[in-house]
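In order, the protein sequence lines correspond to chains G and Z.
Start counting the first sequence at 1; every next residue gets the next number (the working numbering).
Start counting the second sequence at 1; every next residue gets the next number (the working numbering).
Be a bit skeptical, because a hint or two may be false.
Said to hold, decoys possible - What follows is a list of derived Cβ distance ranges for each label pair:
#	chain 1	residue 1	chain 2	residue 2	range
1	Z	Asp231	G	Ala125	44 to 50 Å
2	G	Ala19	Z	Gly146	39 to 45 Å
3	G	Glu187	Z	Gly146	24 to 30 Å
4	Z	Arg112	G	Glu328	35 to 41 Å
5	Z	Val364	G	Glu5	28 to 34 Å
6	Z	Val364	G	Ala394	33 to 39 Å
7	Z	Pro190	G	Arg116	29 to 35 Å
8	G	His38	Z	Pro36	47 to 53 Å
9	G	Glu108	Z	Pro144	48 to 54 Å
10	Z	Val364	G	Gly64	28 to 34 Å
As the list claims (entries may be wrong) - The calculated lysine to any residue pairs, modelled on SDA-like cross-linking and capped at a C-alpha distance of 25 Å, are:
#	chain 1	residue 1	chain 2	residue 2
11	G	Lys275	Z	Met51
12	Z	Lys275	G	Leu106
13	G	Lys275	G	Pro285
14	Z	Lys275	G	Ala126
15	Z	Lys275	G	Pro74
To be verified - One-sided and incomplete, this derived list gives chain G residues near chain Z with beta-carbon spacing under 10 Å:
#	residue
16	Ala204
17	Ala301
18	Leu370
19	Ala394
Because the hints were derived from the structure by calculation, they are not lab data.
Virtual Cβ for every residue (Gly too), placed ideally from N, Cα, C.
Each chain, letter by letter, is given below.
2 protein chains.
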Amino acid sequence: MLSVEEARDRILADLRPVAVEVVALAEAWGRVSAAPVHARLTQPPADVSAMDGYALRAADGAEGAELDVIGSAPAGHPFAGAVGPGQTVRIFTGSVVPAGADAILLQEDATRIGDRVRVNEAVRAARHIRRAGQDFAAGDAVVPAGRRLSARDIGLAAAANHPWLVAHRRPRVAVLATGDEIALPGEPIPPGGIVSSNSHALAALIRAAGGTPLVLPVAADDPAAIGAAADAVAGVDLLVTTGGASVGDHDLVISALSARGLNVDFWQIAMRPGKPLVFGWLGSPGAGVPMLGLPGNPVSALVCSVLFLLPALARLSGLPPAPPPVTEAVLGAAVPANDLRADHLRATLHEDPEGRLVATPFPVQDSAMLRRLALADGLVLRAPHAPALPAGAAVRVIRLDRLGV
Amino acid sequence: MLSVEEARDRILADLRPVAVEVVALAEAWGRVSAAPVHARLTQPPADVSAMDGYALRAADGAEGAELDVIGSAPAGHPFAGAVGPGQTVRIFTGSVVPAGADAILLQEDATRIGDRVRVNEAVRAARHIRRAGQDFAAGDAVVPAGRRLSARDIGLAAAANHPWLVAHRRPRVAVLATGDEIALPGEPIPPGGIVSSNSHALAALIRAAGGTPLVLPVAADDPAAIGAAADAVAGVDLLVTTGGASVGDHDLVISALSARGLNVDFWQIAMRPGKPLVFGWLGSPGAGVPMLGLPGNPVSALVCSVLFLLPALARLSGLPPAPPPVTEAVLGAAVPANDLRADHLRATLHEDPEGRLVATPFPVQDSAMLRRLALADGLVLRAPHAPALPAGAAVRVIRLDRLGV
């Protein structure tokens with residue numbers, strides 16, 4: 001059996017970020033930048049005041065001095081002249097410091113009498129002046145390539161005068177649920193059948209990870225129906241299948257798609273919940289369409305998605321290959337020793353009075369309990385052969401609540 | 001001056017969740033449920049096998065027994081007859097347990113010879129059988145109201161046979177940047193002017209929080225231009241303004257909108273960065289359109305958005321009133337004693353070898369440095385009059401990287 005880490009490494013090995021497109025600044029949030037954003041201007045563009053007050057020559061700013069107010073410079077309306085000896089100009093936060101001036105008299109340190117102003121506290125040269133380029137200079141790479149763009153990045157790119165950004169496209173992911181026994185919600189349910197939860201749970205997960213899901217019609221356990229999916233992947237960046245409920249779960253999916261050009265690896269993974277996983281390429285590895293075959297069990301499918309599909313989506317989106325993010329926590333209840341399969345215990349999370357994150361696994365970890373998975377906040381990671389641990393022991397957790405999953 | 005907490009409480013006091021709509025299951029991810037989702041069926045619908053093997057009567061399953069295989073029941077194809085004494089039916093994970101059978105012989109504990117099967121390990125009644133309703137029963141509230149719907153919730157609602165869900169609408173938020181000195185990216189920049197970063201940074205933040213931003217044209221520092229925003233808020237759930245760069249920052253916005261029916265509170269908040277904040281209602285409190293006036297400085301606007309706008313958006317989206325989430329961390333560098341204003345130190349975050357989150361504030365915390373804010377992973381919270389702290393001390397942090405901000 002393969003380890004979780006080996007399987008993930010093999011999946012990520014040949015995946016490459018999808019191609020790029022130009023998107024309007026407003027649409028770029030959550031995308032991954034495909035090129036560094038170089039500032040097209042210098043910010044601040046000139047020396048500007050950091051405070052409301054009066055611009056003057058430092059030499060004129062001794063306590064008790066009085067100056068002539070020769071003008072005003074609201075932000076966006078720079079003073080056209082120069083400040084000479086004994087003169088000052090009314091100035092505001094963000095206003096350009098007028099020529100000749102090199103100091104700011106704070107409003108609260110000034111007394112205005114008509115066209116004159118009195119210095120109540122001596123000024124210091126350069127104080128309260130933001131130098132041109134203090135934030136960034138024209139040409140600076142203010143946002144790097146390969147970054148998931150935050151609201152702050154969007155603001156910074158705007159300030160650097162970019163109405164458009166070059167970003168990776170959203171990966172398009174086709175989702176194919178298979179099985180004679182399943183129906184979509186609201187449709188007639190076959191005898192002994194169940195309602196398919198995988199298609200739309202995976203579609204939501206793909207959306208949460210910044211991809212665009214395409215939910216294919218459910219395929220019956222029939223080679224022709226499953227094989228038709230090979231025709232549905234033109235222009236798609238990844239095909240995800242679930243189930244194929246026969247002995248050895250994926251047999252039907254593998255045989256039907258192999259007949260349509262799938263180069264496949266079938267793995268037994270030393271993990272729980274989940275175990276069988278298919279990965280391959282419709283076409284040549286690295287050039288065709290990658291295919292990830294998940295178990296049909298909804299809990300297994302979702303846990304495997306967190307471990308394998310989310311990293312694949314992040315890579316396709318333009319980020320470097322990486323495992324899902326893990327957080328430190330302490331156990332809220334003892335756990336028994338683990339067997340040879342990496343376990344992923346569904347657990348609730350809370351913060352204790354000392355601010356530590358406490359993970360309490362559900363006592364029953366049945367992979368058929370979707371409701372319990374939905375109630376979990378995280379997955380406690382248990383390595384193969386991990387020893388029994390008492391309550392309070394340190395563990396690592398994947399926070400489902402933070403992934404939108 | 002008001003505290004951050006008082007200001008937030010006052011903003012949240014009269015905000016109510018926006019109205020509801022019916023959305024397709026696939027579109028419900030990230031929305032807040034407005035009604036509990038009651039299961040429309042029982043899951044599993046009948047007793048089903050948890051394993052591949054043979055269904056039989058426990059009384060017939062002693063080691064060494066041999067039974068007649070009278071049929072097969074793949075998932076989705078229940079066996080129509082009943083299992084009598086000395087009989088068994090081939091069964092698979094998820095298959096309905098046929099009438100008469102009450103035990104499962106695992107495939108790996110069986111030897112098949114033609115139409116007969118030999119028991120190599122004694123069975124136990126009920127073992128490897130998932131009882132009807134083990135996951136949920138028809139009528140159970142499987143997803144509560146008032147929950148931000150995850151991929152797992154979508155899967156659970158699907159399994160409970162719901163093609164549609166009732167959710168709160170996405171809050172529609174109008175964003176109005178004001179100022180003679182600002183231009184949108186790519187447009188002509190006035191003399192001494194800057195490119196507006198607030199409009200699109202706030203639009204991205206609103207999107208990150210599940211809202212729909214409407215970016216209004218930039219309004220010059222002119223009462224008529226600003227007042228026109230009052231006409232633009234029909235059907236909008238919140239108006240956010242930035243700037244109004246004059247003495248007392250918001251004077252122009254307040255006077256222009258007050259003339260158009262704004263009932264306003266203007267607050268000096270004991271915080272940094274930021275300080276002046278406007279909150280009010282265009283129309284009567286609780287019934288008109290709420291209005292939040294942020295500082296014009298981009299760093300102050302974003303920090304105030306995290307503290308006040310995100311909680312407002314969460315409340316409008318259907319969640320209970322709450323502050324932004326905070327995380328425990330330890331300081332990566334000493335910080336000086338704080339003055340009377342709550343401070344929000346821009347900091348990088350990393351995990352140390354023991355798995356603790358380490359927050360290292362930038363040495364210079366100038367509110368004009370948007371680039372530095374974009375490089376920060378979090379805001380270290382410093383209460384008014386907090387004492388100096390050494391490196392290694394415990395602090396609380398708002399993780400910007402987790403908010404999509």
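Among the hints numbered above, which are violated by the structure, and what are their numbers in rising order?
4, 5
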